[in-house]
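Chain by chain, the residues run as shown.
There are 4 protein chains.
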Amino acid sequence: MIKVGIIGATGYAGGELVRILTNHPEAEIKWYGSKSYIGKKYYEVYRNMFQIVDEECLDDNIEELAEQVDVIFTATPQGYLASILTEDILKKVKVVDLSADYRIKDVAVYEKWYGIEHKSPQFIEEAVYGLCEINRDKITADTRLVANPGCYTTCSILTCYPLVKEGLIDVDTLIVDAKSGTSGAGRGAKMPNLFCEVNENMKAYGVANHRHTPEIEEQLGYAGNCEVTLNFTPHLVPMNRGILATAYAKLIRKADGSLPTEAQVRQAYAKYFDKEKFVRLLDKGECPETKWVEGSNYVDVNFVIDERTGRVIMMGAIDNLMKGAAGQAVQNMNLLFGLPEEMGLELVPCFP
Amino acid sequence: MIKVGIIGATGYAGGELVRILTNHPEAEIKWYGSKSYIGKKYYEVYRNMFQIVDEECLDDNIEELAEQVDVIFTATPQGYLASILTEDILKKVKVVDLSADYRIKDVAVYEKWYGIEHKSPQFIEEAVYGLCEINRDKITADTRLVANPGCYTTCSILTCYPLVKEGLIDVDTLIVDAKSGTSGAGRGAKMPNLFCEVNENMKAYGVANHRHTPEIEEQLGYAGNCEVTLNFTPHLVPMNRGILATAYAKLIRKADGSLPTEAQVRQAYAKYFDKEKFVRLLDKGECPETKWVEGSNYVDVNFVIDERTGRVIMMGAIDNLMKGAAGQAVQNMNLLFGLPEEMGLELVPCFP
Amino acid sequence: MIKVGIIGATGYAGGELVRILTNHPEAEIKWYGSKSYIGKKYYEVYRNMFQIVDEECLDDNIEELAEQVDVIFTATPQGYLASILTEDILKKVKVVDLSADYRIKDVAVYEKWYGIEHKSPQFIEEAVYGLCEINRDKITADTRLVANPGCYTTCSILTCYPLVKEGLIDVDTLIVDAKSGTSGAGRGAKMPNLFCEVNENMKAYGVANHRHTPEIEEQLGYAGNCEVTLNFTPHLVPMNRGILATAYAKLIRKADGSLPTEAQVRQAYAKYFDKEKFVRLLDKGECPETKWVEGSNYVDVNFVIDERTGRVIMMGAIDNLMKGAAGQAVQNMNLLFGLPEEMGLELVPCFP
Amino acid sequence: MIKVGIIGATGYAGGELVRILTNHPEAEIKWYGSKSYIGKKYYEVYRNMFQIVDEECLDDNIEELAEQVDVIFTATPQGYLASILTEDILKKVKVVDLSADYRIKDVAVYEKWYGIEHKSPQFIEEAVYGLCEINRDKITADTRLVANPGCYTTCSILTCYPLVKEGLIDVDTLIVDAKSGTSGAGRGAKMPNLFCEVNENMKAYGVANHRHTPEIEEQLGYAGNCEVTLNFTPHLVPMNRGILATAYAKLIRKADGSLPTEAQVRQAYAKYFDKEKFVRLLDKGECPETKWVEGSNYVDVNFVIDERTGRVIMMGAIDNLMKGAAGQAVQNMNLLFGLPEEMGLELVPCFP
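Residue numbers (the working numbering), protein chains in the order written: chain F, 11 to 362; chain Y, 11 to 362; chain Z, 11 to 362; chain R, 11 to 362.
If you are wondering where the hints come from, they were derived from the structure by calculation, not from laboratory data. Quick caveat: nothing in here was measured; it's all calculated off a predicted structure. One should not assume that every hint holds.
Pairs involving identical chains hold if they fit within one copy or between any two copies, as the list cannot separate such chains.
Below 16 Å or equal to it, Euclidean Cα-Cα: the simulated EDC-like pairs (lysine to aspartate or glutamate) are [claimed, not checked]:
1. Lys260 x Asp180
2. Lys51 x Glu296
3. Lys13 x Glu77
4. Lys287 x Asp64
5. Lys260 x Asp182
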């Protein structure tokens, strides 16, 4: 039984970790860390867990935690883990970080986009970017620190990855227009996230400056072995869960001037995703819908070629709290401990 | 492995059966019956099941089905099962009926409220009303036919049962005001159920004539060993899942004119629900919320005593597709086959 | 042109006052009071008003305001107006108070339910309860202070008024089960009102102790010329606007033991509402829906007689920000200044 | 008083026409055409209009209508008006067509994208494309036929128009990613538009083949005096009203290689929209939100320059039933009859 500690157990991502791990056959939560609710029963914060979880919330004492558990999930604000992580802790315990602290290899890029100083850049190099489908072989029993990808990033990267990797699209023309449910904004009491402000409303935000941009660029850059600079625009949509990414890029024409065919593009997706449990390449003509993955760890992707414009429209859908956060974090934990990757994650999407 | 057939597998309740049974360790769906989609892949009807269920939809041939499976779930319109059920079928297979056909013991009452003739009244007597918490001991290996309770009924009965049973309330004053998400209205293409008609809207319907009324009355009548005639008013609310019942009744004063105390009423609830896995009596002061049970088989109940009016306000919340339909049906299946009652039903409520 | 000042112009009710008054042909807002946003453009707080309102938010200086305007609307927290209102102010300006400070005639009742001391009880007697359809003749050029009714109260009272007034129901059996959209909870940044907490969720709250209870009781008591003690239960529903009240009471049987007929009950409603612009008695069989009144000042009411239980189910729907707050406040202003009661309020309900 | 007839008065756009025209000071609806509801009271189809509109629905007899009214609005399926319009009718009455029949000048393009034969191409030339802000001077007392623009088109064109017109962007790089509320899908009873299918869900549809594409291309082509071929991707979002367009294009660099400045781009928008009543160019940094224009005829637009990618992100928001359909149609009517363009359209956006 893997002993698990969660720091930030009472945010939405933390709550989703608890929901998953409660039914995980090889893991057991030993520490519900939540500095806002210390001493409160966890079920008083999330009443859905009444009679399921009886433990109290504890403080965020990572040293103490490192003594008691095998793996720590940190679902904490940006900069928090970087400010407390030490070599000593990493010697004792594995860490899966749901914040952005170790996702970006270039510390200057991190500091510029996040507007904060990175307090422990010495661990960035070692941290593995935990996008399991792509970096699976780097997430092993030897790995100490996993940077769990962002929600928008997971969706955006997996949507575009095969075509970037296979060199089928001109990355300089790549644009990702993403739409997210509101749980991505967290459980903090902020006026713009009130029901009446979000409901029956829609808007773009973080236009040209959202923090997930450099993360997408870096990872797609690795895939394409090139510099990627793209536009990423997130939108807020009146629903609880779900991210939909719609990406646009020019297909690279063949020597004869023709576009890659539907079959060729499909083949590229199939090459990377056919054996993936959690990535579902939809049938031709089907557009991903967020509801079809809700509550599950699936990523649904598909594409349409527009002969008129020479572009491919790539689409992907995830549950932002699952594959976009807690689900992927557990997937990483499974890899770290040599368990079947899908263990505890075979939750069937809930419809309607 | 229990072999399962579903007639009506493509309605919302049928879809929920599939979601649950897909992960049930002792059951296997052998027949996805759906007369509207014969020959279509099931996942083409519910895309959430893509790469999870690969079977095609079959017709509703109950005789054939009876040969092939151990249990049939019928998630069909009222009157359908009654028109096709035979002794021969019941000799071969157990049936859990999610329609109303065998819920009401008095066929005249059924025919009056449903406005249709009952085609096989000979099976009514034998059918067990499958409200597991109350009729558990009647649902056994010998049972052939289970009448799975209605969604509103399940919620309403469990909310009031202990106080009726213990004689703490005057049943002549009982009123149940219930509110439901829209999945209860089914997947049929009807204008009043369009998104734009339901969203940002609320209404009562079926006032004084909703078909779940006699079912609630009959079952509470058994509990109280008396005639029960009550008002039941359902409302449509803009959400997918969830039923909330708010019930009102006069508490019966003690000989000295005083009301039963909070502790006494709580004790009555505890007497019947303390050992129940799926019924959660909330802490004093907590009102049930539908979101806390969403996606799960739980029923959350609580009450408030109003000293001013001498009434008790009883409240209950369920997921109408789970405890209100498919979840309870699987709970019944587990009982029928001697499995642990909660098998396959330990789904943690999903929040948010 | 009536000069209008608003204290609390940036809450949802204040915003709705601005929306209405912007198009009112005889009124002009001179003071957008909002202590949280002093110095900010009003449109920066409500971007829907961009290029419509160019004024800045001002502080809540009621003395200064009294010099400059003809009528002040106070859309402020309970107790605020009571703590600042003076004879001197009332000599200069009319006040329409959207808070509860002067709604309840018995100061002890107010202090008990609201849990605060009333700082200016000397004005309670003089304040007119501004439920226009009932107290119209008391709202005149001589009136200085109007207590604008609460949202739940307006809906509940108008739903039941004719039957209480005509003595058709036993008020001791009266129960009001009400459901409200979330704008009633205000624009304050509170976690329970976040989108993800309210959306896809439903709950009762304030059970047996909601503050609108004594207000409903007092007004229905005047109507029935009797003491009224009832159960009022509010529920939170995932929509922006709208209140639906479902009320239950025993019909008083006639000497021969028969119930009042549909026609007789309808006649009672018609007697009070037939000439009312803003109250619509629906056709038999139609249940009020909140969407049908959204954005308008209408109250839709109807009823069903249940012969089985001898009860009448009364139903009413309003837009809580319109007839439940700002719309009724403007209706009161119109009466105070001798204008046609519907002036500026002929907004057609918006569907869908 | 302008006498108005509506063919298709019971669709959502038709209903919105009725809502607006009911309060229009110079127009009067004489004919509520609805072939599905002939003989029914209009308010039985839209209960919000109870006691506001007392007329019955009539058939779609356009010849008869042409005798009785001054202007006909056709809110009908594609191809319908084209199949019944005659010279004789146009001699008697003005027609504002909310369908696509006369929007596209090239009949071959129309027939290809709509997949139907155009039955009266002889009127295409004469029809004025009624995007008032751009074609205002062509909509006069002499105009007989106005092709009212599509909802997505109105939003997309106005969002991009100034930059195309001023030659600031490379139109070959133009991509419009649009998101719409569900009322755009109409009131027909279709399963994919059921509440439970749309709610908590999001998807793209009509990818690379949505019919509004050639309309946007044609109009932007006129603006830029060039061929425009672009990607337009609509998405369905769980809300009733509102369209948000997010458009991307490369800014054309100046001779010195620098990008146009924020001020220059803003100046281009201001040049075309500063005097427009219904187009609001937001302050720098503000992203349009659909809720800010809900229920009104406004278009909110703004942009962000991304120095990193050299692109400009243009954003626009409308209410699809107002500026995207009925509001613009009335705006056209006002122009046709020499009335102030904003008459009857000064509806303040409703928030929340």
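What hint numbers does the structure not satisfy?
none
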